[in-house]
Amino acid sequence: MTAVLEVSDIKKRFGGIHAVDGVSFEVREGEILGIIGPNGCGKSTLFNCILGQLQPSEGEVKLDGRVTTGMRPCDINKLGVSRTFQLLQIFPKLSVRENLILAAQEHKGTMMSRLFGPRDAGLNGAADQMIAFFKLTHLADELAGGLSYGQQKLLDAAMAFMAGPRLVLLDEPAGGVNLTMLGNLRDRLKAFNEERGATFVVIEHNMDFVMSLCTRVLVLAEGKVLAEGLPAEVRANPAVIEAYLGH
Amino acid sequence: MSEAARTRLNYAGVAIALAFLILAPLEFHRYGIYILSQWAVMTIAAIGLNLTLGYAGQVSLAQGAFVGIGAYCAAILTTQGWPLIAAIALALVLCFVIGWLLGYPALRVQHHYLAFVTLAFSTLAFLVFRNESWLTNGTEGIDGVPRPTVLGLSTTPHLYYYYFCLFMLALVTLATLGLVRSPWGRAFIALRENPLRALSLGVDTRRYILMAFAIGSALGGLAGALYAPLVGLVEPPAFTLTLSLNLLMMVIVGGSGYFLGPFLGGLVAVLLPEWLRVVDNYYLILYALLVMGLLIYSPTGLIGIVDRFLVDRRTRAASAARAAASASIERP
Amino acid sequence: MANFVALLIAGLATGALYALVAVGFTLLWQTSQTINFAQGEFVMLPAFFMLAAMHAGLPFWAAILVGLALSVAILGFAFKRLLVDPMLRHGVLPLAIATMALSTFLKESVKTFYSAEASPFPSIAPDAYLHLFGLSVSWQNIVVLGVAIAAVVALQFLLQRTRTGRQMQAAAQNPTVARILGVPVERMILYTFLINGALVALASLLISPIYLAKFSNGDTLGLAAFIAAIVGGFNQIRGAIVGGLLLGIVDNLSAAYISTQYRGAIPLCLLIVIILFRPNGLLGRAEERTV
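Residue numbers (numbering that gives the first Met the number 0), protein chains in the order written: chain Z, 0 to 246; chain R, 0 to 331; chain X, 0 to 290.
Only chain Z is shown next, with the shape it has when bound in the complex (with noise of 0.2 Å):
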């Protein structure tokens, strides 16, 4: 298995906080990473630096053994690399269809296709089959701002694979869903896993998500990487109790 995505060493201060402090690991085609950690342990900060949003103080990330430190968020997500935020960010005022095509409308044509071509960029299809995929056919023309949480989260979700990408962070997909919407989510993004091939890394504080939806964890603490393993051995890492549990 080849590595989609390299982190080598990258450190992010804000004046004189180490957000993050040298963190190295990379992420091999097909696998479900988790990143767990205690809040303020440099987990968003560390997925800004990978995708351009943040610039890393040191380091670098390769992305298909391709440089992608410096480069703008736009062009690394055109490189095939989407994410979510911790926070929802989906746009209100469009209808969910609307959502799912802006989501994936850059990657296709040019800025003259795009201004001539059709209103839909040739992405109606692929938004109604993403809208079946996450089960919201029946809300497909509504406005984004009129659905529930957790619908917003599946879409949210949907908008990140809208562009066929070979790599999706996840920033706390899980964060503030409740039961029944978080198993159709977990069942939406293993489908995307194994019918797919997509890759993913999962930032998430709900520990039977990632233990049952990663296939590897990485767990990061004050910047630093604690420990890495498959799930059962990182349960069962004495320094990762600690961390959680304190003294």
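No wet-lab data here; the hints were simulated from the structure.
No experiment lies behind these values; they were computed from the predicted model shown.
Be aware that a few hints might be false.
Claimed, not checked - Distance condition first, Cα-Cα at most 20 Å in a straight line; then the derived EDC-like pairs of lysine to aspartate or glutamate:
1. Z/92 to R/306
2. X/110 to R/311
3. Z/107 to Z/74
4. Z/92 to R/192
5. Z/92 to R/279
Could you slot chains R and X onto chain Z? The hints should help.
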């Protein structure tokens, strides 16, 4: 109301409005036709600003300056014997380029800072109009801007020039409608609602911001190029910050981010003051009161009132349907 | 050199006036996201309250008090209740446009119902020059500077040292948390509007003897306040003071030393440079957005 019924209603509305715009002037005085032409011209400028501000969310206090640039393009070229169409082309290109450049500060600063940068540009443009006499004839302005000849017909009579302006407005309307419904329109809205998320979905926000400024400004330039032959005299005081603020008011009062907003805003900004002239000296006072009253009643503008009415109806219909559904469940 | 210092002092006096108006402007923005395009007219109007009171036979000092009271009541309380409150939840721009309409309303009302001509206004400063170290500085400038500084210091004292002032700051910085902590946020917001009403009355009292009381006085002043507030960072009072002083000095110096027709653009260009290189204003802090 079903989707098909709404579409039919839309078509009916457009047909009625169009019939009115074509037929009404036949009954108007010269001055009435002149004012209606002014409405058509300023609506074009407001459509441009609505693209930049309403759709893409970039505040601009410079639209009046672009109207000025367009007006001077037309005045200078047509008094030298060039046809108006050449002046329109130049105004479009020039304002597109300047608008593009003015978009660059927007990449660094946002909101009130952007408002300030565009405000400063507006002031600067006014000073250029006033001071560069070799080009603009300074404070005296350029008089005697000729009306064009269209299809072999002179548009010197107000009515003919009005139809010419109306035709241009129709063209702009169709082009803009195409734009906001294309993937570009979607990207503009994404830019306004959540630039961070848009960026993470591959939307090149930088390019779209610049395009929003460039296209909006180009429409301002077009409006200016049509304004010059309409009024005949192009002088600096017409293009102060006041015009920019007026255009901003047109967009907000009409309904920012709604396609029809600028058309209605134009009615309020251009026609309402004229109608109020019956109260003589008090018309500006009354006008200001009406604008404040309208915004207090509906901060989302005139379209907001219509929208609220439609949403109310739909919600009521939906809750009626829900009630009916639950009633049928309870009664096995 | 002496000339330069005199100009500097005149610039400081103008700047202090701008600062006074900009501070009020900034206060409204901080607590309620109100961009008050009528701020200039707010400064124009109290002079007419005072003139009207004098016409009614009151002595000057009583007229000042009446003007101050009316200003606080109308430009502070009524403005907030009638115009700002109904529109507060609907974003910045509609309210900004409504204040533009308000500025037209105030201007035209004064023009129609009082006078379109400039009216002389009594000064609280003696019409003389102070000679000191070879400089001659008008008492007018000294009084303007003194009163403006006193007002700003008093305001700072109120905001920093009193319980109410700290509550107002809390309400401005984070209304949600302030509310949880038991700060009466609504009342604090109202206070800032009342303070603004008092500040513009003061500015009106200082400026009207210089420019005469005229309905169109607000045009330049409102813009100056807006620019000063932006240069200072828009969300802090110290910034508005620095921005106002800077603008006043640049205005006066460029008026004296630069005689091209582009003089009016120089402060603007300078300020643009400042903004582009310090996008949060001179003293502003970056508002970080969490991802």
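Comparing the hints with the structure gives:
1. For the hint pairing residue 92 of chain Z with residue 306 of chain R, the CA-to-CA distance comes to about 14 Å; that is within 20 Å, so the pair holds.
2. For the proposed pair residue 110 of chain X and residue 311 of chain R, the alpha carbon gap of about 43 Å is over 20 Å, so the pair is violated.
3. Using a Cα cut-off of 20 Å, the hinted pair residue 107 of chain Z and residue 74 of chain Z holds, with the two alpha carbons roughly 13 Å apart.
4. For the suggested pair residue 92 of chain Z and residue 192 of chain R, the alpha carbons sit about 8 Å apart, so the restraint of at most 20 Å is met.
5. With a C-alpha separation of about 44 Å, the suggested pairing of residue 92 of chain Z with residue 279 of chain R is violated against the 20 Å cut-off.
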